[in-house]
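Q: Chain by chain, the residues run as shown.
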Amino acid sequence: ETGVTQTPRHLVMGMTNKKSLKCEQHLGHNAMYWYKQSAKKPLELMFVYSLEERVENNSVPSRFSPECPNSSHLFLHLHTLQPEDSALYLCASSLYGAGGPRTGELFFGEGSRLTVL
Amino acid sequence: TQLLEQSPQFLSIQEGENLTVYCNSSSVFSSLQWYRQEPGEGPVLLVTVVTGGEVKKLKRLTFQFGDARKDSSLHITAAQPGDTGLYLCAGGNQDQFYFGTGTSLTVIP
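Protein chains in written order, with the working numbering: chain A, 1 to 117; chain B, 1001 to 1109.
Be aware that one or more of the hints could be misleading.
Said to hold, decoys possible - A few chain B residues that don't get close to chain A, going by computed Cβ distances all over 10 Å:
1) L1004
2) S1012
3) E1017
4) T1020
5) N1024
6) Q1033
7) G1042
8) K1056
9) K1057
10) R1060
11) L1061
12) G1066
13) K1070
14) A1090
15) I1108
To be verified - Listed next, the in silico DSS-like pairs over lysine-lysine satisfying Cα-Cα at most 25 Å (straight line):
16) A:K36 / A:K19
17) A:K41 / B:K1070
18) A:K22 / A:K36
19) A:K22 / A:K41
20) B:K1057 / B:K1070
21) A:K40 / B:K1070
Honestly, the hints are just simulated from the structure, not real lab data.
We put the CB at the ideal spot given by N, CA and C, even for glycine.
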């Protein structure tokens, strides 16, 4: 059983739909992340939240909108997506950030497989 | 962007063989992790190394962090079908983890 839960596991949407991905972590961690995993590409960091504040936005198109209402929940709101946005979206959490003397290991959810038609 | 390149990209071996996967970068990292990901699942952490030159063993898996903290290797002894999966290295700095390109391992019974 994972301490990071993502819903839905699978999502099919049209280009004009609005949908949201949800992530919940039960580990008491301070940082949460959204990653995009596409075939034959490294995991791409999309957003980082530390103590509910966004600390990183890696030039992600505005059709992806994150929301972190508290330290346990993270959302990714999707609007007017393109077929090339089809991918596995992974949520992760870490007790601390990645750097410094603390190891800040990532704990991943099982992912939400998104297909944009 | 801090790139980590993994080699080989794909590896298919017979059960019982040994293998080594490499993770290389020109950047220095404060920590380095190895993850294994199975199809349809998220990556699962295998190990974290934080000290240059550090070696960690996890049963048949041996992980090493380079002296300069820019590279790492994963060695598997006597591979088993259960070792099949995508192996990812990830370097940590500040608030980010930078992931490698991945090595897809298939162990044939």
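Q: Hint compliance check: list the failing hint numbers for this structure, sorted ascending.
A: Going through the list in order, the structure violates hints 1, 6, 7, 14 and respects the others.
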